[in-house]
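The chain contents come next:
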Amino acid sequence: MFGQLVLSGIATGALYALTAVAVVVVFRNTRTINLAQGDFAMIGAFAAMIFIKDLGLNYYMALALAVVTCVTLGIAFERLVMRPIADSDWLTLFTATLGMYYVLHGVAGWFWGRDTKAFPVTFDPTPIEVVGALISHGHLINMGWAAGIGLMLFLFFRYTKQGIAMRAVTDDPDTAMLMGIPVRFIVMLTWGMAGFLAAFAGVLLAPIVYVAPEMMDEVLIKGYVAAVFGGLYSIPGAILGALMIGVAENMAGGYLGSHYKTATAFAMIVVLLAFRPQGLFGIQKRREF
Amino acid sequence: MHAKVSSAQAGAAALKQAFRRHNIAAVVAMFAAALAFPFMPGVEGWMASQASLIVIYIIAAQGVSILTGYTGLVTVGHGGFLAIGAYTSALLSKFFGVDLVIGIVAGGLMAGVIGFALGLVFLRLSGAFMAIGTLGFAFFVGTVVNNVPIFEGREGISLPDNRVLGMEIGDVGFYVVSLTCLGLTTLFIYRLVHSGVGRAFMALRDSERAAESSGVNRLLFRTLSFSVSAAITGIAGALNAHIVNYVSAEVFADIWYSVDFLVATVVGGSAMMMGPFVGGVFIVMVPFFLEELADFAFIFKGVVLIGVLILAPAGIAGVLARPVQAWRARKLKALQQTGDAE
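Those protein sequences? They're chains A and B, same order as listed. Sequential numbering of the first sequence, starting at 165, is according to the working numbering. Sequential numbering of the second sequence, starting at 3, is according to the working numbering.
If you are wondering where the hints come from, they were derived from the structure by calculation, not from laboratory data. We treat Cβ as the ideally placed atom computed from N, Cα and C, and that holds for glycine. Honestly, I wouldn't trust all of these hints.
Said to hold, decoys possible - Pair ranges (Cβ atoms, derived):
no., chain 1, residue 1, chain 2, residue 2, range
1, A, Thr339, B, Phe33, 39 to 45 angstroms
2, B, Phe33, A, Val435, 30 to 36 angstroms
3, B, Gly47, A, Ala438, 42 to 48 angstroms
4, A, Gly308, B, Phe97, 34 to 40 angstroms
5, A, Ala250, B, Gln11, 40 to 46 angstroms
6, B, Phe97, A, Ala311, 41 to 47 angstroms
7, A, Ala250, B, Arg193, 54 to 60 angstroms
8, B, Gly158, A, Asp218, 52 to 58 angstroms
9, A, Thr280, B, Met42, 43 to 49 angstroms
What the hints assert, rightly or not - If you want a taste of the chain A side facing chain B, the calculated C-beta under 8 angstroms gives, among others:
no., residue
10, Leu255
11, Ala332
12, Thr334
13, Gly418
14, Leu444
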């Protein structure tokens, strides 16, 4: 029972991690909690569904095109909405992403309806045994994808020019600009990365649950909680936070009852914020936020 | 020479006094018109109900504006205080059959006390952390309401008819009660904002460090802002329970209340007296007019929100107030110039 709960918790946590990392990446370069992150993913899932169903593409082609769609969406959002208000206070930036949330929710409901739809590609439902616990095929594949993306991010931030520039903007945007880093381009790239991660979060989750405008709402909230666990600045912290929340809520679901799943994540966050406001791992760098 | 300058100054002060009187007259006229609304010909009971709903949203948004607009702490959790106010009043009315007035006061007090406690718990948070913390609080309240037996979860609690001072009241009576509450909260917030306490809130908003070094007690005023803000939203909650005489977790555990109040505050104008009024009307009337087109209502809300943020960061009330403010500034300037000429 225990091992089983831990393993399936890690599987869910891996999906939360994609959203949590996107929240962190956007937050540390723009000071914004992106409420539309889940809806980027939802649009990605819908896009993939259309590519498969209506255009007859295979899963991988659809995934690639969904990535393109979401990256475009992220960049467009930065250019059209976030850039004109980039110098505003925190409340303005935050509510602007809320506006985007409303718009994307409405657009999805308008075009595709509010009912839940099954994703056209499903995985083999027979569970596989891993170190004494059972796990479904789909979860295992998703964990593989998530790990691959994590490795890719690590390489990106460590070795590429853009990745290093992105970290420089995180540390201090003014100094970065003085050093000749195109800060605005980097911020745009950040939103593009948020779209990239969202596409994977959406398309990987869709076969396990369903496709609907509100499919990502709960995942998004868990993603925030995970991001705050890591102190909102640390990517490894966010990943670890996501895995912890996945496991903890699965434990609560297993031992207390499934009502308590979401509440567990929030009870954890309220306790954490009361005693360690900077998160478990993070040193809050820019004190004013 | 001296006498002339001071006469110009006295003139300016008198003019400012006059402007304040105009403001008060405008607000009183607005309330009088609102009070007369249900007695106008052609207005039916359900319209009074709808109007009460707007009033409730305005009160709730006023609560949010104290914390978010004046003290600068973004809250996404005031739906939790709405639920606390609603259930306090509902349980009192169910078990003791108390008067609506007592229910409203008790709902406000209970929310205020819990708001005080939450203010202490989140003492060190701000910005994004505060937003997520308050969101967590709203979820926590939702879970409690859903699962603790006394709140009867999704079954809900049906309440007896509303009684005020021993009299049974209908939709119109309820509207009058809500409007009275709104009048009192508006008066209270006006006094608060123009007092030393309000200035302390705004000083904390503009810079916590600067405020503290000027002797503003951060602990005191932060928790005070939290509890006042929560109490006002709690009053709205108590009213919201009695508007349909029914409370259930289906409604009050919903996170969307919290978000709606924040949107109402921001769209209206978060640090203006009239902001919550404009925002409350907006947030209730958009779904009302677009009832058949729920998805379009979502898009519309989002577009208006983003448009307001980009084009009018002070909110719609700020835009509406701009011509009046410009006219007043011109008058003041003209007065000063005649003072100079003399």
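Exercise. Which of the stated hints cannot be reconciled with the structure, identified by number in ascending sequence?
Worked result: Violated hints: 1, 2, 4, 6, 7, 8, 11, 12, 13 and 14; rest satisfied.
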